[in-house]
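K.L.:
Each protein sequence line maps, in turn, to chains A and B. First residue of the first sequence: 1, per my numbering; consecutive thereafter. First residue of the second sequence: 1, per my numbering; consecutive thereafter.
It is worth saying that the hints were derived from the structure and are not from the lab. Cβ coordinates follow ideal geometry from the N, Cα and C atoms, glycine included. Some hints could be false.
[What the hints assert, rightly or not] Calculated pairs, DSS-like style, for lysine-lysine (alpha carbon to alpha carbon, straight line, at most 25 Å):
hint	chain 1	residue 1	chain 2	residue 2
1	A	Lys253	A	Lys177
2	A	Lys198	B	Lys10
3	B	Lys237	A	Lys143
4	B	Lys143	B	Lys244
5	B	Lys227	B	Lys257
6	B	Lys237	B	Lys266
7	B	Lys266	B	Lys253
8	A	Lys10	B	Lys198
9	B	Lys257	B	Lys244
[What the hints assert, rightly or not] With the C-beta cut set under 8 Å, the calculated list includes, among others, these residues of chain A facing chain B:
hint	residue
10	His101
11	Ala103
12	Val128
13	His132
14	Arg137
15	Leu141
16	Leu211
17	Lys247
There are 2 protein chains.
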Amino acid sequence: MSVPEVLRDKDLMRSWSRSRRCNGQTIALVPTMGFLHEGHLSLIRTAKSLADLIIVSIYVNPSQFSPSEDLSTYPSDISGDLRKLSAAGVNAVFCPAELYHSASGNELGGHREAINGERVVASCLEDVGSGHETWIRVERLEKGMCGTSRPVFFRGVATVVAKLFNIVEPDVAVFGKKDYQQWRVICRMVRDLDFDVKVIGSDIIRDFDGLAMSSRNVHLSPTQREKALSINRSLSKAKLAAEKGQKNCQDLKDLVKQTISEAGGKIDYVEIMEQQGLRPVEEISCPVVICVAAWFGNVRLIDNLEID
Amino acid sequence: MSVPEVLRDKDLMRSWSRSRRCNGQTIALVPTMGFLHEGHLSLIRTAKSLADLIIVSIYVNPSQFSPSEDLSTYPSDISGDLRKLSAAGVNAVFCPAELYHSASGNELGGHREAINGERVVASCLEDVGSGHETWIRVERLEKGMCGTSRPVFFRGVATVVAKLFNIVEPDVAVFGKKDYQQWRVICRMVRDLDFDVKVIGSDIIRDFDGLAMSSRNVHLSPTQREKALSINRSLSKAKLAAEKGQKNCQDLKDLVKQTISEAGGKIDYVEIMEQQGLRPVEEISCPVVICVAAWFGNVRLIDNLEID
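Let the sequences and hints guide you as you build the complete structure.
P.N.:
Here's what the structure looks like:
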């Protein structure tokens with residue numbers, strides 16, 4: 001167990017990485033928002049099998065939260081995180097205080113001004129008067145599912161990941177497949193913008209009771225957590241039904257919805273999509289993924305299950 | 001005079017560049033759409049003063065043209081270009097046949113489909129059924145001036161420049177200040193997305209008669225060219241008037257418009273903006289730039305003049 005180097009500055013991070021790559025070492029990046037759990041540690045294990053050096057970034061990205069979302073209550077435990085990252089044998093931790101450019105003299109803070117009459121979609125970043133105005137949009141994949149209820153989410157994720165790629169310059173980046181749509185958005189961005197980064201999706205890690213690991217699980221009461229187990233249960237039921245021959249997606253989605261609703265969850269969406277392009281399918285005839293988002297109290301959870 | 005290496009493949013281009021950077025050599029990129037003229041050669045001279053090795057890219061980018069624009073008639077002379085680049089002492093020429101991903105099996109060609117009822121802005125890229133769907137938007141700077149009459153232009157430019165940066169990985173990139181808004185859009189993108197590329201704007205090069213150099217000038221008839229000289233004349237007049245104390249921008253813009261209209265040009269826009277953020281000003285009290293776009297027959301020309 002060696003203590004990882006903690007870097008807070010973009011330029012230092014880049015030169016750390018660049019000097020090692022020039023020496024022939026490969027680098028894997030695991031981007032996180034901190035409050036690390038077993039799911040993150042599993043991403044790190046995947047990363048270690050793919051590259052010589054592992055960098056974990058910790059940054060709660062304001063641009064992927066709407067002002068109405070849970071940025072202010074997003075859990076944090078930086079000293080706990082650093083302990084876990086030491087134990088995990090990570091080589092460097094990138095913890096920038098801020099990743100976005102603040103508004104300068106001749107910039108109006110935050111581009112919330114309506115431009116040519118268009119409504120400006122705003123995140124918590126615009127809310128604090130940032131001078132940032134460049135966004136990466138993965139136009140089709142960012143729509144639907146989480147993009148419907150979280151309109152700034154994928155714009156914020158794609159943009160911050162591009163920034164991290166430009167700062168860290170990794171050979172490989174590992175993302176959790178729990179955020180399935182996010183993973184696909186990033187794969188598509190990397191392909192379309194010619195980033196020389198291999199994007200790896202790592203399998204969902206579940207707690208002993210089957211709940212998909214998430215930093216937000218800490219906000220669940222014991223009763224809510226009990227109810228939330230219905231998500232995983234519903235996905236397993238649907239997969240089993242599909243394997244037994246039920247190919248009609250509407251029926252499978254109804255099964256998932258019913259199971260979660262009966263347990264007391266409030267459905268945000270249940271979708272069955274082909275795995276790569278996330279286009280909805282009506283009959284299962286190719287590898288698909290069932291994606292779910294549901295609320296338990298004030299906590300919104302997502303989960304998914306691939307059917308190959 | 002040594003013949004530059006001509007690279008057509010993204011991966012070969014990247015490894016050419018990366019191996020030299022690891023050896024401590026710095027690289028400047030001059031992105032072009034070919035049909036090179038003295039303006040481009042001046043960008044190359046600027047580049048040579050800033051880096052050890054010069055790469056010129058030649059690629060007519062379909063995503064910055066609307067289907068109604070002049071992509072199909074954009075002039076081209078690749079063998080002439082290579083001769084000029086040899087004489088200019090360029091080290092490598094990046095001439096990809098295609099930079100965008102084509103639609104694959106499960107992708108509908110071209111994301112022209114209306115998504116959630118939103119109208120999809122389409123360029124010549126969508127028109128040929130590309131699978132590309134990731135766009136970089138510099139939300140404020142891409143609006144107004146050329147962005148008004150060319151709604152896909154800056155989206156296309158920012159996206160292709162990001163791709164070129166990710167493929168070539170230059171230390172420096174040189175752009176002509178004739179495309180003033182484009183230069184500012186790229187500067188902002190680089191800052192906002194943390195590209196480690198120094199973006200340099202190079203002064204406008206004018207022909208013997210004062211016309212700003214442009215590949216499109218070849219389409220002007222001798223009479224149209226004579227008329228088009230009114231652009232530069234109008235800008236000089238306005239600058240002189242400003243230096244003599246005329247600070248009111250509306251009056252200065254009227255002077256420019258009148259001069260060009262009288263010569264037979266059709267004004268697209270005349271704007272006076274502060275130089276960095278391109279926000280319109282009413283009275284000259286900071287460094288500004290007068291930007292003009294006007295039509296002469298079927299040819300749209302742009303030009304500008306800074307007043308410091």
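K.L.:
Work down the list of hints and note, for each, if the structure agrees.
P.N.:
Here is what the structure says about each hint:
1. A:Lys253 / A:Lys177: Holds, at about 20 Å.
2. A:Lys198 / B:Lys10: holds (15 Å)
3. B:Lys237 / A:Lys143: Since the Cα atoms of B:Lys237 and A:Lys143 sit roughly 50 Å apart, the hinted pair is violated (cutoff 25 Å).
4. B:Lys143 / B:Lys244: With a Cα-Cα distance of about 32 Å, the restraint between B:Lys143 and B:Lys244 is violated, given a limit of 25 Å.
5. B:Lys227 / B:Lys257: holds (13 Å)
6. B:Lys237 / B:Lys266: holds (18 Å)
7. B:Lys266 / B:Lys253: Holds, because 14 Å separates the two Cα atoms, which is no more than 25 Å.
8. A:Lys10 / B:Lys198: Distance ~15 Å between A:Lys10 and B:Lys198 Cα, so the pair holds.
9. B:Lys257 / B:Lys244: Holds, because 19 Å separates the two Cα atoms, which is no more than 25 Å.
10. His101: Holds, about 6 Å.
11. Ala103: violated (10 Å)
12. Val128: violated (15 Å)
13. His132: Since chain B brings a Cβ to about 5 Å from A:His132, closer than 8 Å, the hint holds.
14. Arg137: A:Arg137 check passes; min Cβ-Cβ to chain B is 5 Å, inside 8 Å.
15. Leu141: holds (7 Å)
16. Leu211: With Cβ-Cβ at 31 Å, over 8 Å, it is violated.
17. Lys247: The hint is violated - A:Lys247 has no Cβ within 8 Å of chain B, the shortest such distance being about 18 Å.
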